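Q: So the chains spell out like this:
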Amino acid sequence: MSLTPGETPGGNAIVFDRVTYAIGGRTILEDVSFGVAAGCTKVVMGPSGIGKSTILRLILGLIRPQRGSVIVLGKDVARISDEERNDLRQRIGMVFQNGALFDSLTVGENVGYSLIDHGHLGLDEVEKRARYYLELVGLDADRLLDTLPDELSVGMQRRVAIARALASNQPAIMLYDEPTTGLDPASVETITDIIVRLRQEMKVTGIVVTHEIPHALKMGNRFLFLYDRRVAFEGSSEDLAESTVPELAEFLLPFKISVANAFHSFTAEGNEP
Amino acid sequence: MLKNLLYSTQSFLRNLQDLALFSAQMVAAVFRPPIYWRDVYEQTYFAGVGSLPVVLISSFFAGQAMALQFARQLAENGTVTLLGTLMTIAVVRSLGPDLTGLVVAARLASGYTAEIGSMKSTDQVDALTAFGTDPLSKLAAPRLIGLVITLPLLTFVANATQLIGGAIMAKYVAHVSLSLYWSQVRTSMVYGTVLIGTLKPLTFAFIITFVSCWKGFRSSGGTRGVGRATTESVVIASVLLLIFDFVLTRVIFAILGW
Chain U
1146 MSLTPGETPG
1156 GNAIVFDRVT
1166 YAIGGRTILE
1176 DVSFGVAAGC
1186 TKVVMGPSGI
1196 GKSTILRLIL
1206 GLIRPQRGSV
1216 IVLGKDVARI
1226 SDEERNDLRQ
1236 RIGMVFQNGA
1246 LFDSLTVGEN
1256 VGYSLIDHGH
1266 LGLDEVEKRA
1276 RYYLELVGLD
1286 ADRLLDTLPD
1296 ELSVGMQRRV
1306 AIARALASNQ
1316 PAIMLYDEPT
1326 TGLDPASVET
1336 ITDIIVRLRQ
1346 EMKVTGIVVT
1356 HEIPHALKMG
1366 NRFLFLYDRR
1376 VAFEGSSEDL
1386 AESTVPELAE
1396 FLLPFKISVA
1406 NAFHSFTAEG
1416 NEP
Chain W
1480 MLKNLLYSTQ
1490 SFLRNLQDLA
1500 LFSAQMVAAV
1510 FRPPIYWRDV
1520 YEQTYFAGVG
1530 SLPVVLISSF
1540 FAGQAMALQF
1550 ARQLAENGTV
1560 TLLGTLMTIA
1570 VVRSLGPDLT
1580 GLVVAARLAS
1590 GYTAEIGSMK
1600 STDQVDALTA
1610 FGTDPLSKLA
1620 APRLIGLVIT
1630 LPLLTFVANA
1640 TQLIGGAIMA
1650 KYVAHVSLSL
1660 YWSQVRTSMV
1670 YGTVLIGTLK
1680 PLTFAFIITF
1690 VSCWKGFRSS
1700 GGTRGVGRAT
1710 TESVVIASVL
1720 LLIFDFVLTR
1730 VIFAILGW
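Top line first, the protein sequences correspond to chains U and W.
Heads up: the first sequence begins at 1146 in this note's numbering, then just goes up one per residue.
Heads up: the second sequence begins at 1480 in this note's numbering, then just goes up one per residue.
Capping the alpha-carbon separation at 30 Å, the derived lysine-lysine pairs in DSSO-like fashion look like this:
id, chain 1, residue 1, chain 2, residue 2
1, W, Lys1617, U, Lys1273
2, W, Lys1617, U, Lys1220
3, U, Lys1348, U, Lys1363
4, U, Lys1348, U, Lys1273
5, U, Lys1348, U, Lys1220
Just a few of them, taken from the derived set where beta-carbon distance is under 7 Å, the chain W residues facing chain U:
id, residue
6, Ala1606
7, Ala1609
8, Phe1610
9, Thr1612
Please keep in mind that the hints were generated in silico from the structure rather than gathered at the bench.
Quantities reported herein were computed from a predicted structural model and do not represent experimental measurements.
Cβ coordinates follow ideal geometry from the N, Cα and C atoms, glycine included.
Pulled out of the complex, with its shape left as it was, chain U reads as follows:
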């Protein structure tokens, strides 16, 4: 895919255009190209260490590609000024793998962090919004607002992290790095439902990096499989069911789900491909 600088083809909120990223002499991503349409949630799958989280870091501009462009909301993240990049980041919500809550701040201060740091709202309004987003992710704001993150379970910390990402100026894009890894089944269901709701009701564009394959099918409506530094598969869940990519089939095998069964399970629950 070749782009004119500044172009965001086909209404894509995020575009990777022939991106290559290497670190310490090791190439992580090579000539990777894909797009994420506005309002869509793309699930990125692949073996551990393949570069899934690297994709999220490239979108945020935490790292820069050696070649190619990462275009987010029409801006090449690596080539804009620091100020423009910071402005862009305020339109992106990121949920880190371990939550990355600020452990010296209370839950309320964490959720309202971006509003306090960048907004011009009074503390009462910040608290009101923090309560709203905590309730949105199914947490009791009255009980948790003044607690510290290390007093919460891992599942609750993840939900606070989602609330914090949402509270930052109602982001156009949400990035989730292994949002359900290591959680109990009930928490996995809760967080999966939150991500689905954000996609369906709030039309937020999303990228989910996950190993949780059964729930991945629920979270996203487009799928990307990385293998050997490149995109081995990209498409819808229907394409996933019909794919003959051997590496993808091998990847899905340990989950005791064949590609076809995964699709049938998904559609049997009434989900659209």
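Put chain W on the given structure of chain U with help from the hints.
A: Frame of chain U, contents of chain W only:
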């Protein structure tokens, strides 16, 4: 062996370059808005008020120990009445800034590195960046401002405490009158002595914050890496303090023509 030496030298120079660049970025962050005044206040309080007890205790006993050493030697030469002069020169020019710098380096360098390193290892630093906050402005600049304000003040308090400790030894051990002791302290506070005694803590504040924040931001390898970085931070800051102690003294002496 030559290969190892070459590799070590290259590594040392790369680290030195990285530290220099990081330090310049930290200073730039101090002058770049926004300034996080709440964090500046918290760090100033933590550095100043928090370090006061350990500075007072260490200075009081160090002053007395120094006075005992001087008194013994001066008594042998029959010049024990010069104790006030000698204590002032030693304390204000050297012992005061050095001891305070080392005590504060041990306390704060380890704290800063551990806190920033832990934040880095748990992605909190990246989270700050993801929210559009510059981590240097939020974490490093307040610490630099806080210590630049407090270390000279702590050194002043340390100097006074050491001289008081010295006065106690002067009266009760060396049998030197207090009026003579304090009059010598006053007359020994010449311009050059005060200049050295002020420039050193300012320089040490920069060194401690640069090294400790640099080590924190560059740490890796989880808790073990943070632990290693914390130890290295204290060692590097302490050694640099002593090196710059000599360099500053030498330079200022040359400027003053001493």
